[in-house]
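Peer 1: Sequence:
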Amino acid sequence: MSTEKENWTTIITPKNSFFRLNLKELWQYRDLITSFVKRDFTATYKQTILGPLWFFIQPIFTTIMFLIVFGNIAKIPTDGVPQVLFYMNGIILWNYFSKCLVSTSNTFVSNAGIFKKVYFSRLTMPISNVISALVQFAIQFILFIIILIAYKIHGADFKLSFAVFAVPLFVLQMAVLGLGIGLIITSLTTKYRDLTYLIGFAVQLWMYATPIVYPLSMVPEKWRSVYVLNPVVPILEGFKHAFFSTGMPSVIEYGVSVGTTIFLLFAGIFVFNFVEKNFVDTV
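Just so you know, we're using our numbering here: the sequence shown kicks off at 1 and counts up by one.
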């Protein structure tokens, strides 16, 4: 009796290596990533009155609050940049980073039910979170550009720099940084649930440790070398310089930021792969 050779379309094998990044497999699940992005958008705004308008409302109200508290009451300088533009520039990029980090950090706990029922590349979930956050950033970035143009038409004194062409790279680095840290945290939350409650508070504190409501020039020179070890600082400063020519971080400072970002991404993938094998027993 002759037997025909079976051609399998998908082969699921044990994951023996600690570091596993199968880009081909991720590409095969691109439709699933798209579905997750649509799901996140629909679930967030389906039963709201204003819907996607919250994308605009959030940065506008945050900017107004910063303008009142830090601009008018505390009178913190903004290095000659119009206060509204200064605050909104930092807010929209920080919002993207925090969204990537927080949503990724909840991957295992929030989706344990799905992970237990069906197999798919687990990295599709955090990557879809990053893309969902990118949609929000794109809408808020358009708002920022509109306000920027309005200020320029009315004679505001600032100018774009050549770093504006590097804006996509700054955004990409923020996404990678948030993804890497989020992967580490979500792996730890499978065993230590306290981190789920801590992450929101930690991100809030981290925001005030970055030059969003104040310029980098306010940091004493003797502390600057320590301060810029925060990998978000050079990215935000580069993003700010792109639109206002306020000064770029040095090559060394930005190089340390890029190196830290890459390290955290690979560390996140490593820990994620390690925990993925048996997380269903602990979640």
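Read the hints as simulated data drawn from the structure, not as lab findings.
By construction, the Cβ of each residue, glycine as well, lies at the ideal position given by its N, Cα and C atoms.
Some hints could be false.
Stated by the list, open to error - Calculated lysine to aspartate or glutamate pairs in the EDC-like style (CA-CA distance at most 20 angstroms, straight line): (1) K117 to E25; (2) K117 to E276; (3) K24 to E276; (4) K191 to E276; (5) K117 to D31; (6) K159 to E276; (7) K152 to D79; (8) K222 to D194.
Said to hold, decoys possible - Label-pair distances were calculated between CB atoms; the ranges are: (9) V118 to W206: 16 to 26 angstroms; (10) P77 to K117: 46 to 56 angstroms; (11) K117 to I64: 41 to 51 angstroms; (12) A202 to F162: 30 to 40 angstroms; (13) G247 to A43: 19 to 29 angstroms; (14) V135 to V219: 46 to 56 angstroms; (15) D31 to R224: 29 to 39 angstroms; (16) G259 to A209: 11 to 21 angstroms.
Peer 1: Each hint: holds or not?
Peer 2: Outcome of the hint check:
Taken as a hint, the K117 and E25 pair is honoured in the structure, with Cα atoms around 19 angstroms apart against an allowance of 20 angstroms. Our distance criterion of 20 angstroms between C-alpha atoms is met by K117 and E276, whose separation comes to about 14 angstroms. Restraint check for K24 and E276: satisfied, since their Cα atoms lie roughly 19 angstroms apart, inside the 20 angstroms limit. Distance restraint check for K191 and E276: the Cα-Cα separation of roughly 12 angstroms lies within the 20 angstroms cut-off, and the hinted pair is therefore satisfied.
Restraint check: the Cα-Cα separation between K117 and D31 comes to about 19 angstroms, which is no more than 20 angstroms; the hinted pair holds. Between K159 and E276, the direct Cα distance comes to roughly 48 angstroms. Violation of the 20 angstroms bound is thereby established for this hinted pair. With a C-alpha separation of about 17 angstroms, the suggested pairing of K152 with D79 holds against the 20 angstroms cut-off. Simply put, K222 and D194 have alpha-carbon atoms about 36 angstroms apart, too far for the 20 angstroms limit, and the pair is violated.
Range check, V118 to W206: Cβ separation about 35 angstroms, and the 16 to 26 angstroms hint is violated. About 55 angstroms separates the C-beta atoms of P77 and K117, a value consistent with the hinted range of 46 to 56 angstroms. Distance hint check: the CB atoms of K117 and I64 are about 45 angstroms apart, consistent with the given range 41 to 51 angstroms. Between A202 and F162 the CB atoms are about 35 angstroms apart, so this pair conforms to the stated range of 30 to 40 angstroms.
Roughly 41 angstroms separates the CB atoms of G247 and A43, a value that falls outside the hinted 19 to 29 angstroms. A C-beta distance of roughly 33 angstroms is found between V135 and V219, which places it outside the suggested range of 46 to 56 angstroms. At about 47 angstroms, the CB distance of D31 to R224 disagrees with the hint of 29 to 39 angstroms. Between G259 and A209 the CB atoms are about 19 angstroms apart, so this pair conforms to the stated range of 11 to 21 angstroms.
Of the hints listed earlier, those the structure fails to meet are numbers 6, 8, 9, 13, 14 and 15, in rising order.
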